[in-house]
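Residue numbers (this note's numbering): 134 to 506.
Rather than coming from a laboratory, the hints here were simulated on the basis of the structure.
Ideal placement from N, C-alpha and C gives every residue a C-beta, glycine not left out.
Any given hint could turn out to be false.
Claimed, not checked - Derived DEER-like restraints, expressed as beta-carbon distance ranges:
#, residue 1, residue 2, range
1, Phe379, Gln269, 45 to 55 Å
2, Phe379, Lys276, 48 to 58 Å
3, Lys276, Trp383, 48 to 58 Å
4, Arg210, Arg247, 43 to 53 Å
5, Gln181, Phe412, 25 to 35 Å
6, Val322, Ile245, 38 to 48 Å
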Amino acid sequence: MPSGHDDLGQRRGWLVRLHLDPLLLILMLILIVGGLFVLYSGSDGSIQTVEKQVVRFGLAFVVMFVFAQLDPSVYRRWSPWLFGVGTLALIAVLVAGVGAKGAQRWLQLPGIPRFQPSEFMKLAVPMMLAWYLSRQPLPPGFKAIATALIILGVPTALIVKQPDLGTALLIASAGIFVLFFAGISWKLVGSFFGLAGLAAPLMWFFVMRDYQKQRILTLLDPSSDPLGAGWNIIQSKTAIGSGGLFGKGWMQGTQSHLDFLPESHTDFIVAVLAEEFGFVGVMLLLSVYLMIIGRCLYIATHAQDSYSRLLAGSLTLTFFIYVFVNIGMVSGILPIVGVPLPLISYGGTSAVTLLAGFGILMSIHTHRRMLVS
């Protein structure tokens, strides 16, 4: 008599046989297709911009598919090597990196386009920490936590030196999430926040650069320089507020189409969406994001081993941080740090990194189901 698992295996469909999670894939496609419409409007009707984004998403889906085919044991085995290569690449950036707009964040190797190693570390850091902590008794003790923080601190410090504080904070968050899912006590979590608060003045005086300090001051009082540093956030909040309940309609936004809103197709694209589709449009967007996060957390909680659980949980909450930080900075509750809106903002590197992470999540889920079938 066939078991329930056998029946489930017969109904899983061709997508699962390709190691793709159907629900997660559908939700991602909804976001991407809707985002292309907003991108078209935010780029003043530039079909070339949309076509470039479609090509980038095509490449990103290929990467996701490849990552989904690999068994989680492959990621576990290669985690320390990938972390080592990524750390060496970050050191190479500081020594011989390519600079642009006052930042030195890229490597240029013969025969290949320049690339940004810090994007690679968004995956390599949580993979390394998940590998290390999964080899320790859980919840981790003081020695394991201290070692994990050193592992996390090295690439974070190298990225801060580029300087790229936004990416450094995202990578630090990814590492902290691994520790969180490893089961550290709430007392330690509170201690981390306490130490962060104590370290804030030191970062202000000795780590943060003048333009980073200006972002904090602008957040507190954007009207202090309405035509300079405060312009972006003032125009963004104006666009969001003018959308009302249902918005002005697709392609009818004034802030973006009259060039008041800067970076309307990248970092501030959610302001375009809010102006044209209103509160209802933003709520629909957040609903899809919440469903994606819920599905990913389900995958994390049903992972087969501690490495997969820690990695899946970290990737999920890192995705949440992307959404939270972007919408927070556009709406004026967080400083502007240049974090794109996942699967909506124009850009190629972040899309590839995000979909690679989703490929790892699908691998963790579909390979588990095949093993227990």
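These are the hints, each one checked on the structure:
Our hint of 45 to 55 Å for Phe379 and Gln269 holds, since their Cβ atoms are close to 53 Å apart. At about 56 Å, the CB distance of Phe379 to Lys276 agrees with the hint of 48 to 58 Å. Remark: the range hint 48 to 58 Å for Lys276 to Trp383 is upheld by a beta-carbon distance near 56 Å. With their beta carbons about 29 Å apart, Arg210 and Arg247 fall outside the hinted range of 43 to 53 Å.
Roughly 31 Å separates the CB atoms of Gln181 and Phe412, a value that falls within the hinted 25 to 35 Å. Checked against the given bound of 38 to 48 Å, the beta carbons of Val322 and Ile245, roughly 41 Å apart, stay inside it.
The structure fails hint 4 only (numbered hints given earlier).
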